[in-house]
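*Asks:* Residue numbers (the working numbering), protein chains in the order written: chain A, 2 to 182; chain B, 87 to 208.
Be a bit skeptical, because a hint or two may be false.
[As the list claims (entries may be wrong)] When the alpha-carbon atoms are kept at most 20 Å apart in a straight line, the in silico DMTMM-like pairs for lysine to aspartate or glutamate are as follows:
| hint | chain 1 | residue 1 | chain 2 | residue 2 |
| --- | --- | --- | --- | --- |
| 1 | B | K96 | A | D98 |
| 2 | B | K131 | A | E85 |
| 3 | A | K64 | B | E157 |
| 4 | B | K148 | B | D92 |
| 5 | A | K48 | A | E32 |
| 6 | B | K166 | B | E153 |
| 7 | B | K131 | A | D98 |
| 8 | B | K172 | B | E159 |
| 9 | B | K148 | A | E109 |
| 10 | A | K65 | B | E157 |
| 11 | A | K65 | B | E153 |
| 12 | B | K148 | A | E32 |
| 13 | B | K166 | A | D67 |
| 14 | A | K64 | B | E153 |
[What the hints assert, rightly or not] Listed below are several chain B residues computed to face chain A (Cβ distance under 10 Å; list not exhaustive):
| hint | residue |
| --- | --- |
| 15 | Y118 |
| 16 | V132 |
| 17 | G135 |
| 18 | N145 |
| 19 | Q149 |
Read the hints as simulated data drawn from the structure, not as lab findings.
Remember, it's a predicted structure, so these values are computed and weren't measured experimentally.
We put the beta carbon where it would ideally sit given N, CA and C, even for glycine.
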Amino acid sequence: MNGKSTKTVIRMFWAWSNEKEERWLSRMAREGWHLAAPRGVYYRFEKGAPADVVYRLDYQNPKKADRNEYLNLFRDAGWDHTGEFANWQYFRTAAGDGPPPEIHTDPESRMAMYRRVLALLAVIFIAVWAPAVTNIGRPEPSGTFWIIVRLSQGLLTLLWTYAIIRLGLKIREIRRGRCTR
Amino acid sequence: MSELEDQARKLLPLTEATYYVLISLVEPRHGYGIMQNVAVLSEGKVRIGPGTLYGALTNLLKQGLIERAGELETEGERRKVYALTKLGRAVVLLECERLETLARIGREAADKLREEGKESSS
Numbered sequence: 002m003n004g005k006s007t008k009t010v011i012r013m014f015w016a017w018s019n020e021k022e023e024r025w026l027s028r029m030a031r032e033g034w035h036l037a038a039p040r041g042v043y044y045r046f047e048k049g050a051p052a053d054v055v056y057r058l059d060y061q062n063p064k065k066a067d068r069n070e071y072l073n074l075f076r077d078a079g080w081d082h083t084g085e086f087a088n089w090q091y092f093r094t095a096a097g098d099g100p101p102p103e104i105h106t107d108p109e110s111r112m113a114m115y116r117r118v119l120a121l122l123a124v125i126f127i128a129v130w131a132p133a134v135t136n137i138g139r140p141e142p143s144g145t146f147w148i149i150v151r152l153s154q155g156l157l158t159l160l161w162t163y164a165i166i167r168l169g170l171k172i173r174e175i176r177r178g179r180c181t182r
Numbered sequence: 087m088s089e090l091e092d093q094a095r096k097l098l099p100l101t102e103a104t105y106y107v108l109i110s111l112v113e114p115r116h117g118y119g120i121m122q123n124v125a126v127l128s129e130g131k132v133r134i135g136p137g138t139l140y141g142a143l144t145n146l147l148k149q150g151l152i153e154r155a156g157e158l159e160t161e162g163e164r165r166k167v168y169a170l171t172k173l174g175r176a177v178v179l180l181e182c183e184r185l186e187t188l189a190r191i192g193r194e195a196a197d198k199l200r201e202e203g204k205e206s207s208s
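Chain A with its partners taken away, still in its complex shape (with noise of 0.2 Å):
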């Protein structure tokens, strides 16, 4: 075989749980297992040299004239931009003796960046809403389709629902101080 030896892992990691999320990658990353592209739950990983490094998340989406300024930004700071999924952006640095590097250092920054994930869901929770609301007061249509239609609604009312109390407790316990890396 020629070139660098990849593998692709399945991983879930909920939005506030990015922190666990980067100690992963960081432990991978012990074992030579290097992140080239993030894809959702599909992780890409390159065989390297096992390396001691911090991994960050950033959830930013610049725009298309800050997006060289944004990296730059980092860059300039010692980090490598490893790669990018739906606006969760993924940078790596190396692990110093010290205390681990931060991207955000100070927690108004950080309850920022969860407030930012939390205005996503909630535009997706009324988009998923509005169709339904509309058509209050009208006869509920029938058949599979439509069971199909309310279940899948049913079904991510409820996920979002957890998702957005558990990224505003995320937030709350950043506020009072109790989270600190």
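Using the hints provided, position chain B relative to the given structure of chain A.
*Replies:* Same frame as chain A, now just chain B:
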């Protein structure tokens, strides 16, 4: 009181990171220059991470406290330069006055506590 000052007062108090960014922009700088300057000003005690800085710059641009002031090319890299606006200057001045007042009042209280400490320990 001028309208500008009124507008500026509404934006106080600043977070520590915002304060450091704004006082760094007394001279126009690019993002990396701000990070370096903050480390120098605080004698290495305060570090502003790139995620925090990007958020702060975006907010400050939106609030009109800073503006883009061209680009600087160093080592083949073009970096955007930021500068304080009139409103930004007013905010820095007011915040420094506010902090000076707080520090002066606090100093009197701290001196008193120190005096009491000396008396009770002797």
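*Asks:* Which earlier hints can't be squared with this structure?
*Replies:* 1, 2, 8, 12, 19
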